[in-house]
Amino acid sequence: MSTKTPKQILAEMLTGKKQPNHAQELHEILISQIKSSGARRKRAVIRYILDASEGRLAQNKKCGGSLKFVLWFMNDHLGDEVFEYYARILLRAAIDHPDWDLGYILPHLEDLLEFRPFLNEMRRPIDKDEKAKYLILLDIAGWKAAVNFSPNNLNKIGFDAGAQVVISSSHKEVMILSERGLEVQGLDASKGWSQRYPNFWYCQKRGDGEDAWRLINQLDEILVPVDGQSHKADMPITDADFPKELVILQVQDRVVALNLTQKNLTRQAFRLGADVVLASSNKGTMINAGKDWVVHGLNRDTWEQVHANLWVKRFRGSRNDFREILSRLDELLIPVNRFIQGAPIFI
Amino acid sequence: MALAPGAVCVSAAPLLTEEAIDLLKFFDAHVNLDKENIPQIQSLLRLMQPYWSAPGLEELQGVIDQLKRAGISATTQNILIAAAYKRAAQETVNQERSSLYETYSLLALDRVGISRKVLVRP
Chain A
1 MSTKTPKQIL
11 AEMLTGKKQP
21 NHAQELHEIL
31 ISQIKSSGAR
41 RKRAVIRYIL
51 DASEGRLAQN
61 KKCGGSLKFV
71 LWFMNDHLGD
81 EVFEYYARIL
91 LRAAIDHPDW
101 DLGYILPHLE
111 DLLEFRPFLN
121 EMRRPIDKDE
131 KAKYLILLDI
141 AGWKAAVNFS
151 PNNLNKIGFD
161 AGAQVVISSS
171 HKEVMILSER
181 GLEVQGLDAS
191 KGWSQRYPNF
201 WYCQKRGDGE
211 DAWRLINQLD
221 EILVPVDGQS
231 HKADMPITDA
241 DFPKELVILQ
251 VQDRVVALNL
261 TQKNLTRQAF
271 RLGADVVLAS
281 SNKGTMINAG
291 KDWVVHGLNR
301 DTWEQVHANL
311 WVKRFRGSRN
321 DFREILSRLD
331 ELLIPVNRFI
341 QGAPIFI
Chain B
1001 MALAPGAVCV
1011 SAAPLLTEEA
1021 IDLLKFFDAH
1031 VNLDKENIPQ
1041 IQSLLRLMQP
1051 YWSAPGLEEL
1061 QGVIDQLKRA
1071 GISATTQNIL
1081 IAAAYKRAAQ
1091 ETVNQERSSL
1101 YETYSLLALD
1111 RVGISRKVLV
1121 RP
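Protein chains in written order, with the numbering used here: chain A, 1 to 347; chain B, 1001 to 1122.
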């Protein structure tokens, strides 16, 4: 994601001066542009960008080949400055060509030299299943979240998979985006967070993986329903029963307790119904499943297996390990009965 | 596979001698094979070595059936199974299979609450 949004770039183009990166101010600037502009097409493009950025775009206007899609694609593939350059060309062309359908602008890009190298890739259908593999879908305290540790924009795929909120942490950035009807509030601006839209916060720093867990841990405080009604699902396990230090997630139907503290809370987590506990501290990282499970398949060069259901990594823990484990949970965590089915011998 | 008429079916010979079974019975009766007693379990494994001449995992089922018939405890059976898996893990060159046997070995020990330390240089 560029530091500048298409909304900001359009506002700067139309006013001819730098504009603050503040969603509400930009909204007002663009609305005043609509009011003062006599050109119908310009008004249509501004409205489209406002609708796109504020989640009001009709389904047929935001799918593959739309202006929104192309902006999203270019943002994903280019650095900040180059993206701004491309966004300006595209927005200018959209304003100058009233005959171009904003909901399907792709065929006209052949007229724009700069876009030609990207056309083939833009035309390729998106393999959603392939991309979804980069997402960890989890239930946390009644929220459905998708965590994306790749630098790619998988927001739509996350929402299509049922997530209410998508959290991304990669070498490019850290961001949180909630679905329509939910706003994100209260992130710490002094730590580099800036709010782009009511439902979107962005932090342009290299993600260390921990950011994602910190956000997950805060969801109850930062996700605010616009209609004031609860958007949370009932948790099969009462989250309130767990010690506050534990982050309780449901991943692939398994209850996972993340222990981000230095305390040993494993027993407590199992007593309260966790299937697996992941802990990371100064001493190392640990994955411990309940007695009905076997954990199998971690790399023995870096992990040491202490019990069939317990592995440890004995050096300063990295919560990045959580990412590997959670994304492979289905494969790593095996019910004992299933695990021994193919064994030559067991009594 | 169906046997041809007149074919003679020979059951596999027991892999453990009577002497070995007696030794295991002795251990079962007189030694507390719990997790606190690692040296004793290691003694058991050392003593058993010549008797079961490293059966492969395929033959191990026969050994275990023998142990069951002789009334040897589940703890002892699991220790022996774990040792067999551990050895199989060390001997196989296929990394994936080796890793699988390691987990099987630990699972056998976990089931009777015995530490993996017993399998270190038995």
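These are calculated hints, taken from the structure and not from any lab test.
C-beta: ideal position from N, C-alpha, C; glycine also.
Just so you know, not all the hints are guaranteed correct.
Lysine-lysine pairs mimicking DSS-like chemistry, simulated, CA-CA at most 27 Å apart [said to hold, decoys possible]:
(1) B:Lys1117 to A:Lys313
(2) A:Lys291 to B:Lys1068
(3) A:Lys144 to A:Lys133
(4) A:Lys232 to A:Lys131
If you only want the chain A side, here are some residues facing chain B, beta carbon under 8 Å, derived [stated by the list, open to error]:
(5) Val226
(6) Gly290
(7) Val294
(8) Trp303
(9) Ala308
(10) Val312
(11) Asn337
(12) Gln341
(13) Ala343
The hints, checked one at a time:
For the proposed pair B:Lys1117 and A:Lys313, the alpha carbon gap of about 18 Å is at most 27 Å, so the pair holds. Between A:Lys291 and B:Lys1068, the direct Cα distance comes to roughly 25 Å. Compliance with the 27 Å bound is thereby established for this hinted pair. Straight-line distance between C-alpha atoms of A:Lys144 and A:Lys133 comes to about 17 Å, which keeps the hinted pair within the 27 Å bound. A C-alpha spacing of about 26 Å is found between A:Lys232 and A:Lys131, which places the hinted pair at or below 27 Å, so the restraint holds.
For A:Val226, the interface hint is violated, since its Cβ never comes within 8 Å of a Cβ in chain B; the closest pair sits about 49 Å apart. Checking A:Gly290 against chain B by beta carbon gives a least distance of about 12 Å; that is not within 8 Å, so the hint is violated. Because the closest C-beta pair between A:Val294 and chain B is about 6 Å apart, less than 8 Å, the hint holds. Here the hint on A:Trp303 is broken, as its CB sits about 11 Å from the closest CB of chain B, past 8 Å.
With a least beta-carbon distance of about 4 Å to chain B, the hint placing A:Ala308 at the interface is held under the 8 Å criterion. For A:Val312, the shortest C-beta to C-beta distance to chain B is roughly 12 Å, which exceeds 8 Å, and the interface hint is violated. Against a cut-off of 8 Å between C-beta atoms, the interface hint on A:Asn337 is violated, since the closest Cβ of chain B lies about 11 Å away. About 12 Å separates the beta-carbon of A:Gln341 from the nearest beta-carbon of chain B, more than 8 Å, and the hint is not met.
Of the supplied interface hints, the one on A:Ala343 holds, with its beta-carbon coming within about 6 Å of a beta-carbon of chain B, less than 8 Å.
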